[in-house]
Every structure is written in C-alpha cells, then in structure tokens.
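Chains A and B are the protein sequences, given in the same order. FYI, numbering that gives the first Met the number 0 numbers position 25 of the first sequence as 24, with every residue one higher than the one before it. FYI, numbering that gives the first Met the number 0 numbers position 149 of the second sequence as 148, with every residue one higher than the one before it.
Keep in mind the hints are simulated off the structure, nothing from the lab.
Rough simulated footprint, nothing fancy, chain B against chain A, three-plus residues with beta-carbon under 8 Å:
1. 5-16
2. 95-106
3. 150-163
Capping the alpha-carbon separation at 25 Å, the derived lysine-lysine pairs in DSS-like fashion look like this:
4. Lys8(B) with Lys43(A)
5. Lys43(A) with Lys139(A)
6. Lys8(B) with Lys45(A)
7. Lys45(A) with Lys139(A)
Ideal Cβ positions, reconstructed from N, Cα and C, are used throughout, including at glycine.
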Amino acid sequence: MSDAGNLPRAGDLGLIGCHVCRLVCRDVEAEDAACPRCGSPLHKRKSNSYMRTWALLIAAFIFYVPANVLPIMRTVSLGDVDDNTIMSGIIELWVKGSPDLAVIVFTASIIVPMLKFVALGLLLVSSQQGSRWALRQRSKLYRLVEFIGYWSMLDVFVVALLTALVQFGFFSQVEPLPGVVFFGLTVVITMIASMTFDPRLIWDGRDFDD
Amino acid sequence: MTMPSQGIKPAIAPPTLWICEDCDTVYRRRTLARGEVARCVRCDAILARHHSLSVSGMLALVITAMIAFVQANVWPIVTLGLNGQLISTTLWGCIVMMWRDNAQVVSVIASLTLFFFPIIKMALLFWVLLYARRGRRAPGFRQVMVLLYRIGPWTMSEVFVLGSLVAVVKAHMYFDVLPNPGIFAYGVLMLIITAFSSIDVRRLWDLTEEAPA
Chain A
0 MSDAGNLPRA GDLGLIGCHV CRLVCRDVEA EDAACPRCGS PLHKRKSNSY MRTWALLIAA
60 FIFYVPANVL PIMRTVSLGD VDDNTIMSGI IELWVKGSPD LAVIVFTASI IVPMLKFVAL
120 GLLLVSSQQG SRWALRQRSK LYRLVEFIGY WSMLDVFVVA LLTALVQFGF FSQVEPLPGV
180 VFFGLTVVIT MIASMTFDPR LIWDGRDFDD
Chain B
0 MTMPSQGIKP AIAPPTLWIC EDCDTVYRRR TLARGEVARC VRCDAILARH HSLSVSGMLA
60 LVITAMIAFV QANVWPIVTL GLNGQLISTT LWGCIVMMWR DNAQVVSVIA SLTLFFFPII
120 KMALLFWVLL YARRGRRAPG FRQVMVLLYR IGPWTMSEVF VLGSLVAVVK AHMYFDVLPN
180 PGIFAYGVLM LIITAFSSID VRRLWDLTEE APA
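Using the sequences plus the hints, can you model the full thing?
Right, here's the structure in full:
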C-alpha cells in the first residue's frame, strides 16, 4: 500500500476525466465545464454527493418499512384468502416449494437491500470524516453495492408474473398489494443513491467537504 | 440531460492516460495482451480490459439479442393448467395486468426496465456499431453514446429470468405449470447480456473518428 500512496491523482496533475466517455481533459476549474468530446458536464466530484446520497438513502429506508410490513401479494384459492408479505412469501417458498429459490429470494429482497443501507451509510460516514481506514476494501464495497443493486427487483417481477398468470378467470386468483409498490420504489431509490455517491470521496480525505 | 451542454470546453490532454473512475488515480495507457485486465493499484477497480470481440462481433451479438428479445416478448413465458384449462401470459400480459390491478407504479417500472430500456439500448447499440464497423461515427453519435451510458443500469432483463423461475416454482404450489419458449428466449438473452457485460462500449469513442464536416 505504501507505493500506491505515491501514485498521482488527477487533481494533483490538473486533469479531469469525463465519466461518460472517459476522455482526459485539462482541468479549467470552472463550474460549467463541459466535455469537449461528448458534451457532458465535467465535475471534479459529483455535485453535493454527500447531501444527495444521504437524502436518497433516508427516503429509501422510509419506503423500505412499508415494503416489508405491508403484504405484497394476495392469493385467493377456493375462498381461502392469504396475504403474503415478502418474508412470509419466502417462508412459504422454503416450506412448500424449493428451499434453493427461497434462499435466492431472501438474498435479493432482504439481504441485498439491508446490505445497501448499511454499506452506503458506512461509506458516507467514513468518507465524511476523512477516515483512512480500509480504503481499498471500502472501494470494493462500493463496487459491490453498484453491482448487486438491481437484483432486488426480483420479487417485484415475481409478483407481476404471478398476478398476470392467475388473473385470467380462475376461481383462484392472485392480486398485487401495496407492499410491492413500496418495494419497487425502494429498489429504484437505492439505485439512484448508489449512483449519486462519488467513490472518489473515499480517497479524498477532508479535501472535498461540501 | 442528453443534450451537449454549452459550458466551457477544456483542452484535451494527450490520449495516453487512463484515470481510474473510482479513485481518480492517473495511469499511462498501455496495450493489453489477450485476456489481460488492467486494474488500479490503489483501489483495484478495472481500468481496461483486452477486447477480444471486434466491432463486427459486437454487432452480431446485438442482432442475436434483438432476435431473442422479439421471441421472448412474442412467445408466452409460462402456461398454467387448472381443471383442464390452459392459461399463458407474455411480458406484456403482466404489465397490462399490473396496470389494471392498481399497481401502476410496478407496471411502469417493469415496462421501462424490461421492455422500453432494453429496446432503446439494443437499437442505439445497433446504430452506432453499424457505422463503427467502418471506423465512422453514426449521425447523432454523441447523443446516442451519452444516452446509452445513462440507461445502462436500468435494463433488467436478466433479473426477470430469475424472477420467472421463482414464479414458476411458486405457481407450482397451486397449479400445473409449464415453462414456455418465451422463458428460454429470455435465457438466451441472459447469456448474451452476460457476454456483453465485460465490454466497455465507451471504447467506441476511441475506435471511431469524427466524419469531416
């Protein structure tokens, strides 16, 4: 790690990279600089990254509560009404269907969103304090959060498919309930939150507080 | 969002550098050997990969994806059987049903991530690759490339494949379920997406030259 500490960073060399097309430019230190090749705005760091990521993360967490408490799906079968939450759906899948898929759904709908809240919160707090702790691991954690983000949409698609299948005039039917809407929104908002966070802040120390 | 902004245009540095997107470290570019991946020493992010697939190869992959996508959407995904009745649905069947069933938000999210964004992505890729094969930039190249970058994370066809699998098993608790060709077309689409995921499309910026005005 000691030799990595000497590598030049773009800011030190007066350079700025465009995220959209990866062109390397000479930094002009202007608010409205634009990439000469693709025209996207150039920022040294994503603007107001901390504040916006915090806001989105908190919003997503607020939506995550009803997503788990409210039922996401109703199955009516021979007069038996059964409302399923995310968790009860997983248990049902474990007991009656296939335990492997129950594990996949549990990972996608419970572990992944929780991990995202904890990981993004940790990255925000540690970077805001200019912490030098586990820098490389924190960078990897960020990439993990970005990579797994959209797999949480799994349960939403399951409910959509089941609803459509069973709706066509059977005695039994399946209906989507409000929980699934909140869950879909949670996934979308956490995805935006992880895009808003600027991973370069992890390495910036206290230089870029805004 | 996709329009070129009118701000100050800084000078372009010599195209011999890579900047790590995750930590801003600057590297000198070098040619990579077959299968080689350049990683950032500081944060371990991938800086660049060797490109084993040519532009024509990418174009072929996109065309295959388009064919699989049409099949995935035209053919039903699963069929349910109950008391001798057979019922099947396509992706659009799901979206329409969610809309009618007071889950419009879900219906909008699903139609965007499973239908509109993938279509837009494939069409735009087809367009730029068609011209890039001859080293040229397609009309509207700049806007298309920016748009491709923006919609990238919002296409979720591969998640849908796993979702259908779970739905089949869940439905099986109550009914007879048969997977249909649509789900296999989605499976093929998933393989193509995986093959494509290691390709950084932004390399087209370096591979093509602006047509002289």
